[in-house]
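There are 2 protein chains.
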Amino acid sequence: MSLRHALLALLEAGPMTGYELAKQFDQSADRVWHAPHPQIYTELRKLEGEGLVAADEQPRGTKAVKRAYRLNPDGERELRRWVSELEAPQQVRDAAYLKATYFEYAEPATVRRHFERHRAHHEEQLQRWERHVAQLQARETELLQRRLAHASESDHEAIVAYKVHVYQGMAERARTEIEWAERGLDLVDKLTS
Amino acid sequence: MSLRHALLALLEAGPMTGYELAKQFDQSADRVWHAPHPQIYTELRKLEGEGLVAADEQPRGTKAVKRAYRLNPDGERELRRWVSELEAPQQVRDAAYLKATYFEYAEPATVRRHFERHRAHHEEQLQRWERHVAQLQARETELLQRRLAHASESDHEAIVAYKVHVYQGMAERARTEIEWAERGLDLVDKLTS
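Chains as they are written, first to last, in the UniProt record's numbering: chain A, 1 to 193; chain B, 1 to 193.
The shape of chain A in the complex, shown without the other chains (with noise of 0.2 Å):
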């Protein structure tokens, strides 16, 4: 149920039309709860129709209107307690390590290829979450402008810190990623000489 909080938590920055929540959410939440498009209009339905959220019309073009979601009372209430819940560890559910646990059913070169891809996209995500951190830092993120806007300006440095913190998490889960394929390609290697 770790969506619903995350969209809450994304109209907490400001009221946003389902289209434009979808946008943000692939630009922020998605990076560490990653869902598709309709599941984001789903729960967006359920919370709207749990009165978490109210969605006001307003006129698109002149004949149209377009439905902008804000949070309510109840679903700010909600996001709060949400964070403050323990969260229960996560099971593990890792395929590329599963996978990894029977290499000796493959040939040396298939394994080769499998720890050389497992590097090359965390190099690739290593690079996005740094790029995501400076942002951050450098406070650029609409997102983030939209929030702080309307928050105490003594709340500012706590905003921005755990988001940094987070991502700063996910660079170095990618860098011990990087190594465990390059330990891989080391083994790859002393198995085969």
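A few of these clues could be false.
Same chains, same names: a pair is fine if it fits in one copy or spans any two.
Claimed, not checked - Here are the simulated lysine to aspartate or glutamate pairs, EDC-like style, with alpha carbons at most 16 Å apart:
1) K190 to E157
2) K66 to E20
3) K190 to D155
Everything labelled a hint here was simulated from the structure, so no lab data went into it.
With chain A held as given, fit chain B onto it using these hints.
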């Protein structure tokens, strides 16, 4: 669809009843690909239906029978095909990191508890992985012994080494999480000082 391949890989060690398979799963693959027992039994019946595993009936006491599952040649081919197939990078879904992005909504004492729990969980995991690595290196686990017993001597080193590599990787991941939680605790101190 990784569960089915984890089950095929377990049966490569030798025939097992559904009960033994579930027990061995808990002690090995479950650590990198969590699955509850009912899901294991369902998948096992599917594998039997598709002819990837076969069941031999053996007497249990004087009146009952037990079914021992073994890998069919088609199952072995499917296992090798899967191990060689490159894995698409997994999408991240991490509730703890998602929540930490919004820690400014929680009391500092609560944030501290979050990080302390994260650290405690991964310290426990780290011990578990280190114990498992030591057991694999000593070739002490029952599953590994069954595998080695019917594998060619020249493959023994790779069979052990890839499993050790995976669990050393899990240990490194746990260390990365412990350090992240430590830095998180330092951050709370800094924000509240």
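Now for the hints, and whether the structure bears them out:
no. : hint         : verdict
1   : K190 to E157 : between (49 Å within a copy, 10 Å between copies)
2   : K66 to E20   : within (11 Å within a copy, 58 Å between copies)
3   : K190 to D155 : between (53 Å within a copy, 13 Å between copies)
Comparing the model with each numbered hint stated earlier shows that all of them hold.
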